[in-house]
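Number of protein chains: 2
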Amino acid sequence: MRYDVVGVGIASLDLIGVAATEPQLGAKQPLSIWIEMGGGPVATALATIARMGGRAALAGAVGNDPYGARILAGLREAGVDVGAVSVRPGGSHIAFVLAEPGRDRRTVWWHNDQAVLTGLSLDRDLITSARALLIDTHMPDAALTAARWMRTTGGLIMIDAERVRESTLELLPHCDLMVVSERFGREATSFAEPWEAARALHSRYGRLALVTCGVEGSWCAHEGELFHTPAFEIEPVDTTGAGDVFHGALLYALLRDTPLREAIRYASAAAALSCRALGGRGSLPTIGEVETLLGA
Amino acid sequence: MRYDVVGVGIASLDLIGVAATEPQLGAKQPLSIWIEMGGGPVATALATIARMGGRAALAGAVGNDPYGARILAGLREAGVDVGAVSVRPGGSHIAFVLAEPGRDRRTVWWHNDQAVLTGLSLDRDLITSARALLIDTHMPDAALTAARWMRTTGGLIMIDAERVRESTLELLPHCDLMVVSERFGREATSFAEPWEAARALHSRYGRLALVTCGVEGSWCAHEGELFHTPAFEIEPVDTTGAGDVFHGALLYALLRDTPLREAIRYASAAAALSCRALGGRGSLPTIGEVETLLGA
Numbered sequence: 003m004r005y006d007v008v009g010v011g012i013a014s015l016d017l018i019g020v021a022a023t024e025p026q027l028g029a030k031q032p033l034s035i036w037i038e039m040g041g042g043p044v045a046t047a048l049a050t051i052a053r054m055g056g057r058a059a060l061a062g063a064v065g066n067d068p069y070g071a072r073i074l075a076g077l078r079e080a081g082v083d084v085g086a087v088s089v090r091p092g093g094s095h096i097a098f099v100l101a102e103p104g105r106d107r108r109t110v111w112w113h114n115d116q117a118v119l120t121g122l123s124l125d126r127d128l129i130t131s132a133r134a135l136l137i138d139t140h141m142p143d144a145a146l147t148a149a150r151w152m153r154t155t156g157g158l159i160m161i162d163a164e165r166v167r168e169s170t171l172e173l174l175p176h177c178d179l180m181v182v183s184e185r186f187g188r189e190a191t192s193f194a195e196p197w198e199a200a201r202a203l204h205s206r207y208g209r210l211a212l213v214t215c216g217v218e219g220s221w222c223a224h225e226g227e228l229f230h231t232p233a234f235e236i237e238p239v240d241t242t243g244a245g246d247v248f249h250g251a252l253l254y255a256l257l258r259d260t261p262l263r264e265a266i267r268y269a270s271a272a273a274a275l276s277c278r279a280l281g282g283r284g285s286l287p288t289i290g291e292v293e294t295l296l297g298a
Numbered sequence: 003m004r005y006d007v008v009g010v011g012i013a014s015l016d017l018i019g020v021a022a023t024e025p026q027l028g029a030k031q032p033l034s035i036w037i038e039m040g041g042g043p044v045a046t047a048l049a050t051i052a053r054m055g056g057r058a059a060l061a062g063a064v065g066n067d068p069y070g071a072r073i074l075a076g077l078r079e080a081g082v083d084v085g086a087v088s089v090r091p092g093g094s095h096i097a098f099v100l101a102e103p104g105r106d107r108r109t110v111w112w113h114n115d116q117a118v119l120t121g122l123s124l125d126r127d128l129i130t131s132a133r134a135l136l137i138d139t140h141m142p143d144a145a146l147t148a149a150r151w152m153r154t155t156g157g158l159i160m161i162d163a164e165r166v167r168e169s170t171l172e173l174l175p176h177c178d179l180m181v182v183s184e185r186f187g188r189e190a191t192s193f194a195e196p197w198e199a200a201r202a203l204h205s206r207y208g209r210l211a212l213v214t215c216g217v218e219g220s221w222c223a224h225e226g227e228l229f230h231t232p233a234f235e236i237e238p239v240d241t242t243g244a245g246d247v248f249h250g251a252l253l254y255a256l257l258r259d260t261p262l263r264e265a266i267r268y269a270s271a272a273a274a275l276s277c278r279a280l281g282g283r284g285s286l287p288t289i290g291e292v293e294t295l296l297g298a
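In order, the protein sequences belong to chains A and B.
Residue numbering for the first sequence follows the numbering used here, beginning at 3 and increasing consecutively.
Residue numbering for the second sequence follows the numbering used here, beginning at 3 and increasing consecutively.
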């Protein structure tokens, strides 16, 4: 068994600016800070797992542009194996993220190239050698292939789903753990309340469904039970990537046989700690830091 | 005489995204196009002059980050001499530019590092060897030094002023040509109408004052005369940098002894042609292209 988790999803280069004035469209405005950092749901979740000592690999693709090289360098630095990431003709996923100090609002403009993200050849041995597979919804054909392979080995499959697309709904029946945004829960089930959405997803697919609600914590429906886990109260510097860290930490905790409720608390603590600095990977917590927060 | 024009001002790396949906703050939104291109008022004006066959050099500074290297590479590619550009500890000027198709509205978030832009040592021989000096308002101490040196040689001094700051008003008395935005004209003179502002600046400083008004053309006050020059009617792909191209083309036309009214028409044509492609330097026109448009 070579990896704890293999991920199939996008890896992004996030250009993060902190607004120095109240943002408005149609104007020229200064930023007080500008940083560049790797991002992307699966990629940052894998970086979280690596930070906690797990063996993580990404099976995805970047473009053959300078952004791709920087994305790969960032993942390598984070301890994620990128040997199975294809470098393909086209543009890498890139995002400009506008953060606003003292306000949990972010504006993101992103770009990627479908030619880079679709029709990807995956390494079946790599996928099936892992104990778990983590997918997002940005490379649905590759994610579906990987999930089908993983299903045959009995490895754990987690999906991080943010927005409903037809291809996303096709992925859900293959997943053991559906960890979805509040918006996804609402759109996929037509239930306005996250706890209703969690229950509906759980009863529809018969698998664990967890709906994340940011500062409002999360609702989990599993084996007929429904429970809420509060978020940790923090003064966030930047919430970029907190959800991605939650996914990585939750999956890794479950792989270490942490009981479900504890694992969710562990993931909440990790997500809170990741908000201490700017960018999705600016303050990835160690296991020790998470345990300290949990013990407090 | 080594250069036609030496410029003192910022050189930027512009990251330009084209909105695929109606922009809104607080959302995640796709971009249909993402490109990277050098920008900055003086830098793009110099690239325009080089494109037209002029000898142009930048005396400025970039940070010692990867953005700085790309800014310099872009200027070299454009034929601008960057031998006198300092690479200093800190961040380069960078901007995210959001363009909206079919609409003359752009949103810009920019960042730079005052440590890079202030306290710069300039090469007096370089500045005074040129026939003309072009300054903007982003490096006021360096611009003031350069203008004072240039004054002693009798070379032409043009300022591109966009916003009023105290340091900008200090620069104006040293300039032969004040080519300013409508907003600057309004703020510097308290006159709402651009023709009034041009006349007021001209009478205050006794030098040529030209107020640019985008698609509304420009108003010029010079030697007691006041006249309007219309803009060329075009279907712009992107107006980023059109003003910078106007400045470069106007200065270069004047250096080639083009009569003033003709030189302004020449600059208007060059600015219009620069809107044919995305980015400030995406379609810098040649002299032949400008003459073709003027002859039509």
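Just so you know, these hints were derived from the structure itself, not from any lab.
It cannot be assumed that every hint is accurate.
The list makes no distinction among identical chains, and a pair is therefore deemed to hold if it is satisfied within one copy or across any two copies.
[What the hints assert, rightly or not] Distance condition first, Cα-Cα at most 25 Å in a straight line; then the derived SDA-like pairs of lysine to any residue:
| id | residue 1 | residue 2 |
| --- | --- | --- |
| 1 | Lys30 | Thr154 |
| 2 | Lys30 | Leu171 |
| 3 | Lys30 | Gly297 |
| 4 | Lys30 | His230 |
| 5 | Lys30 | Glu79 |
| 6 | Lys30 | Gly216 |
In this text the structure is predicted, and so the values were computed from the model without any measurement.
Hints versus structure:
For the homomeric pair Lys30 and Thr154, neither the shortest alpha-carbon distance inside one copy (54 Å) nor that between copies (36 Å) is at most 25 Å. Proximity of Lys30 and Leu171 under a CA criterion of 25 Å is satisfied inter-copy only: 21 Å between copies versus 41 Å inside one chain copy. Taking identical chains as interchangeable, the C-alpha atoms of Lys30 and Gly297 are never at most 25 Å apart, the minima being 46 Å within one chain and 36 Å between chains. In this homomeric assembly, Lys30 and His230 never come within 25 Å of each other (Cα to Cα): the closest approach is 43 Å inside a single copy and 27 Å across copies.
Taking CA atoms no more than 25 Å apart as the test, Lys30 paired with Glu79 passes in neither setting, with 35 Å inside one copy and 27 Å between copies. Only between protomers do Lys30 and Gly216 lie at most 25 Å apart by alpha-carbon distance; the minimum there is 16 Å, versus 31 Å within a single protomer.
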